[in-house]
Amino acid sequence: MEEMPERIEIKQKFPSWREMLKPVKEFEEGRLSYLSLPKQVDSEWFKMPFGDVERDFHDLKLPENWKEIFLEAMKDTLEKNRSFKLFMDICVRCGACADKCHYYIGTGDPKNMPVARAELIRSVYRRYFTPAGKFFGEWAGARELNEDVLKELYYYAYQCSLCRRCSLFCPYGIDTAEIVWWLRRMLSRVGLNQRFMTISIEASSRTGNHLGLLPGGMYGAIQQGLEELKDYTGFDLHTYINKKGADILFVAPSADYFATPHWYVMLGYLLLFNELEEKYGLTITWSTYASEGGNFGTFHSYEAAQLLNSKIYKEAERLGVSFIIGGECGHMWRDKHQFINTMNLPPKHEEWRRFWEDPDLGNLAEGLRGVRFDSYASGEHGWIHILEFVAALIEHKKIVVDKSRNDKWIATYHDPCNVARGMGLIEEPRYVLRNVMNNFYDMPEHTIKDKTYCCGAGGGMLADELMDLRMRGVMPRMMAVRHVYRKYGVNILLTPCAIDKAQFPHALEYWKIPIEVGGPMEMVGNALVMTAFGEKPEDRQFDLRGEPLKPEEGE
Amino acid sequence: MIGVIFGVIVPYIAVAIFVIGVIYRIVNWANSAVPLKIPTTGGQQKSFPFIKRTIYDRFDSPYTWWETAGRMLLEIFFFRSLLKNTRYYLDRVSQKDARWLWLFGILFHYSLLLVLIRHSRFFLDPVPSFVETLSEIEAFKGVFIPSVYMSGLAIVAALFLLWLRRIFLSRERTLSLPSDHFALILLLAITISGNVMRYFVKADLFAVKELLMSLMTFNIGHAVEVANTIEPIFYVHFALASFLLAYFPFSKLMHAGGVFFSPTRNMPNDNRARRHVNPWDPADVPLLAKGITVAGRVYKSKKLDWDTYYSMYTDQLQEIEEADYKIVPEEL
Chain S
1 MEEMPERIEI KQKFPSWREM LKPVKEFEEG RLSYLSLPKQ VDSEWFKMPF
51 GDVERDFHDL KLPENWKEIF LEAMKDTLEK NRSFKLFMDI CVRCGACADK
101 CHYYIGTGDP KNMPVARAEL IRSVYRRYFT PAGKFFGEWA GARELNEDVL
151 KELYYYAYQC SLCRRCSLFC PYGIDTAEIV WWLRRMLSRV GLNQRFMTIS
201 IEASSRTGNH LGLLPGGMYG AIQQGLEELK DYTGFDLHTY INKKGADILF
251 VAPSADYFAT PHWYVMLGYL LLFNELEEKY GLTITWSTYA SEGGNFGTFH
301 SYEAAQLLNS KIYKEAERLG VSFIIGGECG HMWRDKHQFI NTMNLPPKHE
351 EWRRFWEDPD LGNLAEGLRG VRFDSYASGE HGWIHILEFV AALIEHKKIV
401 VDKSRNDKWI ATYHDPCNVA RGMGLIEEPR YVLRNVMNNF YDMPEHTIKD
451 KTYCCGAGGG MLADELMDLR MRGVMPRMMA VRHVYRKYGV NILLTPCAID
501 KAQFPHALEY WKIPIEVGGP MEMVGNALVM TAFGEKPEDR QFDLRGEPLK
551 PEEGE
Chain C
1 MIGVIFGVIV PYIAVAIFVI GVIYRIVNWA NSAVPLKIPT TGGQQKSFPF
51 IKRTIYDRFD SPYTWWETAG RMLLEIFFFR SLLKNTRYYL DRVSQKDARW
101 LWLFGILFHY SLLLVLIRHS RFFLDPVPSF VETLSEIEAF KGVFIPSVYM
151 SGLAIVAALF LLWLRRIFLS RERTLSLPSD HFALILLLAI TISGNVMRYF
201 VKADLFAVKE LLMSLMTFNI GHAVEVANTI EPIFYVHFAL ASFLLAYFPF
251 SKLMHAGGVF FSPTRNMPND NRARRHVNPW DPADVPLLAK GITVAGRVYK
301 SKKLDWDTYY SMYTDQLQEI EEADYKIVPE EL
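If you read the protein sequences in the order shown, they are chains S and C.
Position 242 (the first sequence) corresponds to 242 in full-length UniProt numbering; numbering is contiguous.
Position 113 (the second sequence) corresponds to 113 in full-length UniProt numbering; numbering is contiguous.
Each hint should be verified, as a subset may be incorrect.
[What the hints assert, rightly or not] Footprint (simulated), chain S over chain C, 3 or more residues, beta carbon under 8 Å: (1) 57 to 64; (2) 69 to 82; (3) 172 to 182; (4) 219 to 229; (5) 249 to 263; (6) 269 to 280; (7) 287 to 299.
[What the hints assert, rightly or not] Straight line, CA to CA, 25 Å or less: simulated SDA-like cross-link-like pairs of lysine to any residue: (8) S/K243 / C/D315; (9) S/K244 / C/Q316; (10) S/K111 / S/K47; (11) S/K61 / S/K151; (12) C/K84 / C/R53; (13) S/K80 / C/A295; (14) C/K290 / S/P38; (15) S/K279 / S/W356; (16) S/K13 / C/R99; (17) C/K300 / S/K408; (18) S/K75 / S/E152; (19) C/K326 / S/G367; (20) C/K326 / S/A365; (21) S/K75 / C/V27; (22) S/K67 / C/A295; (23) C/K52 / S/K151; (24) S/K13 / C/L161; (25) S/K39 / C/G291; (26) S/K279 / S/Q223; (27) S/K134 / C/L83; (28) S/K314 / C/E322; (29) S/K314 / C/Y299; (30) C/K326 / S/V529; (31) S/K408 / S/D231; (32) S/K451 / C/T68; (33) S/K111 / S/K451; (34) S/K111 / S/R18; (35) S/K348 / C/Y309.
[Unchecked claim] With beta-carbon atoms standing in for the labels, derived distance ranges: (36) C/V196 / S/R7: 56 to 64 Å; (37) C/V22 / S/E68: 30 to 38 Å; (38) S/V53 / C/A16: 47 to 55 Å; (39) S/K25 / C/V196: 46 to 54 Å; (40) C/D305 / S/D56: 34 to 42 Å.
Rather than coming from a laboratory, the hints here were simulated on the basis of the structure.
Here a beta-carbon is modelled for each residue, glycine too, at the ideal position from N, C-alpha and C.
Produce the entire structure from the sequences given, and follow the hints as far as they go.
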């Protein structure tokens, strides 16, 4: 926390178009990401080109022919990805996206406007790939690629959280996330990778999860969760791990095994799974091999994303599950909704095939008949979001919930960017929250749902060295939270995203908003009446934080 | 002589560049692969039947092909994404709408459409009746003499407004490249010269039509003959328009064609129902495990398949096996 800036001043600057073409020479502290070390990008598990050199931002130690390699990578990208090529060509610089970026709002740096961020690479594209740029140079908005430009590209490519808010407002749907994602891929071809994300990518490609947790560690973490639940509820609960023949594989972001407030969500999952097994006989297993729902590869490149998400379908096949449920995570759902079944072949094993022919939960556990997934999902994909799952259970009255148990909370809900704009999961969480608690208020309309503001730490920006950028980027979100805090007395900010849950406690402290952070599944866990264990609505004394459900008199 | 150059040679070259250029650009875009299905979802996805979707959700987060087509049509005819525009104010929590850009954009593009439809009278014989009707309506026939076409004036006004935006708004000034100003200036010059010709310095429109008809039927001898009889003011307008045509495929004006190709808009949000296939990745083994080649060297990452994983962490995995894959709270 000591690295946070004492005071934030937003200086807006409006340089001329010529100034904009010149690479910046000064790099603000708190906004420049560290470069990867060889142990992250020259690992046998994650080997990136020229990763064997220890670099410093002031001495990039680029390979001799880096320019050719970079331009070759760009040519490759133009052929491999239509959206990149198109977005290089069709921008009219209308400025609609400019003030949509939370980093631009927070920093005032003109090159953080989405259009300007794209122009950084577009100017290089014009110089080397268009006739106008070749002939007219600067006057056509083109510029030479040199080391300063490359530094600038790195600096600004890693000041974008890939939240896609700008893409929503663009009349042509130009998606800065797409441009930046493929730009980062080009940068990685000349040996420039960001340290924070490659630490996790390397760990995940070696151990199966970002934290580098080994099977025993994960086992122990879940076990501790069960022990805590015994203290809070008095029930002897259990869960499965790596179990062949289970009905469902459950995959959560690895932060849920340890971090706070992720932990409370983890306890919520465990309560739900036990109730379903005891009541209906539905078995849900965890896996130590597919132990990571998140995918930091989606911040880095297509190939890195694929390397990390290739494990999960394989594990589903090995365990013989019927489908997969995914936990509360933001970018995970961009990966699991839009990427995973293109990057990998979906499972073909018997149980999977049979279930998806008639995807009714009744075929796995008779009592759950009626909960069907075929209105939007198929065996070509096979993932269901935990909140969709809970919404369906509530709608079909398969679980009993007691709203009043969450009465001490007055909640608001933050839509994670990728869940809202990369998937469209907007009403399901609200449906769940309205059913498990009495006090729920949305933030102002232009800051939620598809227009949601990023937490400022997504896309690899959760690094500690970026604290200045993070606290600035989160400002629009914090102002909206402050609004509902003052107006409705909101005391908890709920979000189904692991990165949000890591960023918001810092941000709320920094912006002096004294409220808690949690996840929707924590509220579900509090409200869930464990009927199969003989629990009555009034029996539960403690919430999942171990505090009394009803505040004592006089408090 | 001017007539032959600007009335016959230049327009032929310009049209040729325009047609070949636009086709080239479109083929060039189409040749590029679409690796992933990445619609930007602007509304509630198709979900369980009890999760209600509004009509806006259907178009902002389309699931079927007709909803996707609807999204594209709304985008093209109503600039739907621009219509969502809001400004950010540091000191305000409430939403502040700023749809001036949308208004100016709509004004310009629809005026342009009307102007182009009116110009079709020079290329078609007989002139279709709807062109006549449309022209009469927009001129409020009978109110002014001669008829004043609203679209011709509106387009100049809209172009000025769009240009003033780029000059006086600080953000837009920073973003605007010379080419952005150039496109607006060129369009202004064309529209103003057209209006001047219509209301002040008249040209012989029957001759113009004869010229264009003979150009279109490649009756070059007749075209040359007619071209030399037309007043110079026509050639100002005509040469600028020819230049615009030739400039079109190389400029940002290609957004007119590009908008149809945008993967964040023209793909349905049905990832979980239908699998998208990446043409350059068979998806059997991760590409990094196959190895990527950069500057002649292959970089290959080791693949963590189950067997490798098992051999690396055998002890711990065996303990889990011994516990029968079940986790229970530890006995105290």
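Each hint tested on the structure:
1. 57 to 64: With 4 residues in contact (Cβ-Cβ under 8 Å with chain S), the coverage given for the stretch 57 to 64 of chain C holds.
2. 69 to 82: holds (count 4)
3. 172 to 182: Check passed, 9 qualifying residues.
4. 219 to 229: violated (count 0)
5. 249 to 263: Since three or more residues must qualify, the claim that chain S covers the stretch 249 to 263 of chain C holds, with 10 doing so at under 8 Å.
6. 269 to 280: Our answer is that it holds, as 11 residues pass the Cβ test (under 8 Å) against chain S, meeting three.
7. 287 to 299: Our answer is that it holds, as 8 residues pass the Cβ test (under 8 Å) against chain S, meeting three.
8. S/K243 / C/D315: Satisfied, since the Cα-Cα distance of roughly 17 Å is no more than 25 Å.
9. S/K244 / C/Q316: holds (17 Å)
10. S/K111 / S/K47: violated (31 Å)
11. S/K61 / S/K151: holds (12 Å)
12. C/K84 / C/R53: Answer holds: C/K84 to C/R53 is near 19 Å, not above 25 Å.
13. S/K80 / C/A295: holds (18 Å)
14. C/K290 / S/P38: Measuring from Cα to Cα gives roughly 21 Å; hence the hint holds.
15. S/K279 / S/W356: holds (23 Å)
16. S/K13 / C/R99: Answer holds: S/K13 to C/R99 is near 24 Å, not above 25 Å.
17. C/K300 / S/K408: violated (54 Å)
18. S/K75 / S/E152: holds (20 Å)
19. C/K326 / S/G367: holds (23 Å)
20. C/K326 / S/A365: Holds. C/K326 to S/A365 sits at ~20 Å (cutoff 25 Å).
21. S/K75 / C/V27: Roughly 17 Å separates the two Cα atoms, so the pair holds.
22. S/K67 / C/A295: Holds: S/K67 and C/A295 sit about 11 Å apart, inside 25 Å.
23. C/K52 / S/K151: The hint is violated at about 48 Å.
24. S/K13 / C/L161: holds (24 Å)
25. S/K39 / C/G291: Given that 25 Å is the threshold and the Cα spacing comes to 19 Å, the pair holds.
26. S/K279 / S/Q223: Holds: S/K279 and S/Q223 sit about 22 Å apart, inside 25 Å.
27. S/K134 / C/L83: violated (36 Å)
28. S/K314 / C/E322: Judged against 25 Å, a Cα distance of about 23 Å means the pair holds.
29. S/K314 / C/Y299: holds (24 Å)
30. C/K326 / S/V529: holds (23 Å)
31. S/K408 / S/D231: Measuring from Cα to Cα gives roughly 21 Å; hence the hint holds.
32. S/K451 / C/T68: holds (20 Å)
33. S/K111 / S/K451: Judged against 25 Å, a Cα distance of about 22 Å means the pair holds.
34. S/K111 / S/R18: holds (13 Å)
35. S/K348 / C/Y309: holds (22 Å)
36. C/V196 / S/R7: 56 to 64 Å: holds (58 Å)
37. C/V22 / S/E68: 30 to 38 Å: Holds, at about 32 Å.
38. S/V53 / C/A16: 47 to 55 Å: Since the Cβ atoms of S/V53 and C/A16 sit about 52 Å apart, the hinted range of 47 to 55 Å holds.
39. S/K25 / C/V196: 46 to 54 Å: holds (49 Å)
40. C/D305 / S/D56: 34 to 42 Å: Given range 34 to 42 Å: holds, Cβ gap about 36 Å.
Violated hints, in rising order: 4, 10, 17, 23 and 27; the structure is consistent with all others.
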